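Protein chains: 6
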Amino acid sequence: MRQATMIFPILFTFFLLLSSSNAAVQDFCVADLAAPEGPAGFSCKKPASVKVNDFVFSGLGIAGNTSNIIKAAVTPAFAAQFPGVNGLGISIARLDLAVGGVVPFHTHPGASEVLVVVEGTICAGFVASDNAPYLQTLEKGDIMVSPQGLLHFQVNGGKASALAFASFGSASPGLQILDFALFKNDLATELIAQTTFLDAAQIKKLKGVLGGTN
Amino acid sequence: MRQATMIFPILFTFFLLLSSSNAAVQDFCVADLAAPEGPAGFSCKKPASVKVNDFVFSGLGIAGNTSNIIKAAVTPAFAAQFPGVNGLGISIARLDLAVGGVVPFHTHPGASEVLVVVEGTICAGFVASDNAPYLQTLEKGDIMVSPQGLLHFQVNGGKASALAFASFGSASPGLQILDFALFKNDLATELIAQTTFLDAAQIKKLKGVLGGTN
Amino acid sequence: MRQATMIFPILFTFFLLLSSSNAAVQDFCVADLAAPEGPAGFSCKKPASVKVNDFVFSGLGIAGNTSNIIKAAVTPAFAAQFPGVNGLGISIARLDLAVGGVVPFHTHPGASEVLVVVEGTICAGFVASDNAPYLQTLEKGDIMVSPQGLLHFQVNGGKASALAFASFGSASPGLQILDFALFKNDLATELIAQTTFLDAAQIKKLKGVLGGTN
Amino acid sequence: MRQATMIFPILFTFFLLLSSSNAAVQDFCVADLAAPEGPAGFSCKKPASVKVNDFVFSGLGIAGNTSNIIKAAVTPAFAAQFPGVNGLGISIARLDLAVGGVVPFHTHPGASEVLVVVEGTICAGFVASDNAPYLQTLEKGDIMVSPQGLLHFQVNGGKASALAFASFGSASPGLQILDFALFKNDLATELIAQTTFLDAAQIKKLKGVLGGTN
Amino acid sequence: MRQATMIFPILFTFFLLLSSSNAAVQDFCVADLAAPEGPAGFSCKKPASVKVNDFVFSGLGIAGNTSNIIKAAVTPAFAAQFPGVNGLGISIARLDLAVGGVVPFHTHPGASEVLVVVEGTICAGFVASDNAPYLQTLEKGDIMVSPQGLLHFQVNGGKASALAFASFGSASPGLQILDFALFKNDLATELIAQTTFLDAAQIKKLKGVLGGTN
Amino acid sequence: MRQATMIFPILFTFFLLLSSSNAAVQDFCVADLAAPEGPAGFSCKKPASVKVNDFVFSGLGIAGNTSNIIKAAVTPAFAAQFPGVNGLGISIARLDLAVGGVVPFHTHPGASEVLVVVEGTICAGFVASDNAPYLQTLEKGDIMVSPQGLLHFQVNGGKASALAFASFGSASPGLQILDFALFKNDLATELIAQTTFLDAAQIKKLKGVLGGTN
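Chains as they are written, first to last, in UniProt numbering: chain A, 1 to 214; chain B, 1 to 214; chain C, 1 to 214; chain D, 1 to 214; chain E, 1 to 214; chain F, 1 to 214.
The reader is advised that the hints may include incorrect statements.
Computed list of lysine-lysine pairs in DSS-like fashion (alpha-carbon distance at most 27 Å, straight line) [as the list claims (entries may be wrong)]:
#, chain 1, residue 1, chain 2, residue 2
1, D, Lys140, A, Lys51
2, B, Lys51, C, Lys71
3, E, Lys140, F, Lys51
4, D, Lys205, D, Lys46
5, D, Lys204, E, Lys204
6, A, Lys51, A, Lys71
7, F, Lys140, E, Lys140
8, C, Lys51, C, Lys159
The following residues of chain E were derived to be distant from chain D, with all beta-carbon distances above 10 Å [what the hints assert, rightly or not]:
#, residue
9, Pro104
10, Pro109
11, Gly125
12, Ala160
13, Leu191
Simulated restraints on C-beta separations [unchecked claim]:
#, chain 1, residue 1, chain 2, residue 2, range
14, A, Glu119, E, Ala201, 43 to 51 Å
15, A, Ser49, B, Ser58, 55 to 63 Å
16, E, Ser49, B, Leu33, 13 to 21 Å
17, F, Leu33, B, Ser58, 30 to 38 Å
Calculated directly from the structure, the hints in this document are not laboratory data.
Small disclaimer: the values here were computed from a predicted structure and weren't measured.
Positions of the beta carbon are idealized from the N, C-alpha and C atoms, including for glycine.
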């Protein structure tokens, strides 16, 4: 230990030299949700105010409420909910599906997704650009990947509730739910009919269900 | 000119030194459609076989055939049609819309799009992830951008045929047409109903139109 | 419709659950030109203040003024002019060339370019790193790609004025015009001579034309 | 249905026009492990031979064998094991930790990681470049992110076995285990001592445990 | 010269047309260290305040102080020290190694490194993920590359002091020094022992040397 | 040591479990110059045939021959010369400048450059898109950055020969030498005059020097 004591002052010099480089290190960029956002993500919190809690998120430990028409719930931990992933190219969401639950057709414009089934049985599928469907019934522990931007869905095909986690290769993968995009806004029924070939009656019915107008 | 003759042998040495670096230059990577493809695009043609025609494409000079139900035609110049753009992060397509023509709701999973109207009037729109629609009637020379992966459409809202070019920030932006993805394959009607909330009768009708089964 | 009314409150719950994820979606990042800029582009406007006009630009509908020595005009719709493309990896510019018009040798340091000829005839060309020129006379509807960073030019080789659009795989492709870079500043004539092999008289003549000094 | 039959031939034309663009779509790039690999990942399987099984992996449904000195097992589903994620910027691994199990200090040179605890309790931690440790005891459902390239570890701090999934923002995140890198090869003991400040006896002891030589 | 005078006013018009595009050019993004930082780097200084000194750094012209226990000094010119490289994907550092000097095992989480030896002889090495070491004694003018995120070191193996420059493919490559990450903080000795297999005595000894606690 | 012997078989199991993940690690991608090239770089050599020499390059240890008209030599270590940097986003070149030596105006279309002066004095400069020149006389140890794609040059402004290293943020940064691009090929003199405003006599003179025709 004597030696240690002796060399400590010298090593400290070494540390000083290097510490300026450490200041340059951008190991992470915890989102400061109040600061300006840029194309690459949210601004970073000042290093001095970063805490371990910024890298930990407990919101996925709680089951989502599936008492709704789709008997399903999606709980995201994207950069807006989980600031620690900002700029790191990764995020995650929890999926709860009661018996008969459905996450309807949707896309993530900004990332591919890997789904891992933790409880129950889920029928998952995506449709490729050549319109070929890729469907699979996933048991506990199975994983399936849905490529970026393609329409996909999840259905609880089993007799018990199902739990899964969906990982994304972006901190802000986005989420566009097909039915909501078409029917949960004020797009004119006629325009939707023209651009989807759906019957006006069908469109009006779903607008009624989802709260759309026009 | 005498001087030039004198210094030529010396400069040639300079050229020789630098020419090895030129061999390293990957100015472009013209697609060799027959070679293995990778995540970043097609393999490159051997430099010696690259010709100016690889960088030029005349296919967009010809109007697409709009004698179809949507009265519209899309002619792409993506890397698969136009090998010169491979790896360069850019591509383009020609849109022809007869009076009443429609390019129905679709997405490009791999790129954002800028549409420029060259003839006629086009009503273009996209829907954001929060379900807000962004619609605009575009006159000749107007441009509109549709962000990557979001549902969008084009409709000829005028009294004459319309022509537009759509540029993409990828050599292979992809194209998923909503109706085709849902109705032009063998996805079970019941599964589509479950994941879109559409009525079975509506689904079967469109499957009939588009050639889908089940 | 009764059914719809019945299930509406339940679906609303579903919407609430998902709406937090929607807040995380970065579909787009409309440039806030007054806020700090970063390496990936301009800061984003607050989502609440984004309007459809941010995604539409009408400036390219107007012919540029070609009453100048090069008989040509370039009208850009880059992120600084067209904030909607910020962060989306795409932008566009309008080229007007009167008879005999020329866009002289230039580079775009940040993106490759696809040129589409809409009216007239344009002789376009680029020079590769191995000094090989790639030239083509483009008719209406023809397209040509110029790889990122390489010297290229456009000349109206026809008997009528020409119109083209140039698309770029970046929202801020940049533009360095060779003659301006060399002769439209205060670089010493001697230094330019040394680094270009041009004669001093030639340099001084072009400095005179373009407003350079020294 | 009659109407459908009538318009079918016309729509087919539309499909033909678009199908060439579909050929250009690179929705995914399932790894062909036998073909040449490039910097962006493995070569793609021919589209015609892609099957749904390429996007599904069942290997994570089986508990890893924790009958080893660290009482832990890591089962990866990276591109080399799960070809469907190739080029999609995402992958996943299963972690099994028996009571007292440890995944020792390691880095992933190519990606950040999000850990989600599915069973049991895990103490996870990483050390930042400024040497600050970030430690947290994670319960079921908790998640924690470890930024790219930083040293991190997982320890089962509970009284039951633990199960977790680690997601990565790359199809090939890499894995460098500190002890293996230092002691499980033929690096000379003296050189390790010089570059780690560890005592030679300590180095030789761990070389013995891990099978290193010299 | 007359001709020049004549055409000047016309060319000026050309310049005006193009100058708006020049405003859009993001040639560089000199770091404004006081403004918010984002995932892609520091905010940019206002163009008007950029000066040539932003692109030049003289700090590497001075030898680092090697009067310390490792007989070595690292002087970085990363974005935090050299604002001109911000956003440009490149940075550099100076390495001084006295006789017997050592830069101990470390990683750069954010970039690969090319080392060029300018004076003396350096033994450099990295360890790959499969634990294979790659070692080489480098003479003046030799270069060696260490791939991103892998453990590597440099040792002055010669009889004179050595000087090298390390280039990085990132403006903020980061630097995690193994010994500092393990021993220069308050990580509990027991936890380090558990996650490194090192003996507690060894850990305590190095904590003593480096200033760690617990 | 007994303990070590005892636990070795168990740890070996641990190693086996992890070794499959190691196979997935793409630490590096040493260029196989004979295999197909893609947009992201050269194909990778098979891991089994990678050797330390792939990561080391001695070609920069030898002074380039400056007995030429520019009294300068550039020796690149790009991916084509130094396969170890392939895919790693970094490369380097050696610059030798005799007294009065000049590296004339050139661009690197694919990367920014950091120049470090090792011997002598170099006047370096680049021109930004707004035509502003940034010039600096660099002494030994000084560094200067030239942003991607911008015209820049180096001149030996001192009384002794100069040596520098240029680092690039790409394994294949490219190199377009202005004079060679304009005058060392068969571009018609008239076309060059039209697109550069240079006089035909000047063009013909330089074509004569550099070996251009037409």
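Given a hint of 13 to 21 Å, does the C-beta separation of Ser49/E and Leu33/B actually sit inside it? violated, 50 Å
Per the stated criterion, does the least C-beta distance between Pro109/E and chain D lie above 10 Å, as a non-interface residue requires? violated, 3 Å
55 to 63 Å was suggested as the range; check whether the CB atoms of Ser49/A and Ser58/B agree with it. holds, 59 Å
In this structure, is the beta-carbon distance linking Glu119/A and Ala201/E contained in 43 to 51 Å? Taking Cβ atoms as reference, Glu119/A and Ala201/E lie about 46 Å apart, which means the hint holds.
Hint check: Lys205/D vs Lys46/D, CA-CA at most 27 Å. Holds or violated? violated, 50 Å
Non-interface claim for Gly125/E versus chain D (Cβ beyond 10 Å): About 8 Å separates Gly125/E from the closest Cβ of chain D, which leaves it inside 10 Å; violated.
Hey, is Leu191/E genuinely clear of chain D, shortest beta carbon separation above 10 Å? Non-interface label on Leu191/E violated, nearest chain D Cβ at 7 Å vs cutoff 10 Å.
Is the Cβ of Pro104/E farther than 10 Å from every Cβ of chain D? Answer for Pro104/E: violated, closest chain D Cβ roughly 5 Å.
Below or equal to 27 Å on CA atoms is what counts here, so check Lys51/A against Lys71/A. Since the Cα atoms of Lys51/A and Lys71/A sit roughly 36 Å apart, the hinted pair is violated (cutoff 27 Å).
Ala160/E non-interfacial with respect to chain D [C-beta, more than 10 Å]: holds, 18 Å
Measure nothing beyond the straight line between the CA atoms of Lys140/F and Lys140/E; if it is 27 Å or shorter, mark the hint as holding. holds, 16 Å
Pair hint Lys140/D and Lys51/A, alpha-carbon separation not exceeding 27 Å: holds, 21 Å
In terms of the numbered hints stated before, the structure departs from hints 2, 4, 6, 8, 9, 10, 11, 13 and 16, listed from lowest to highest.
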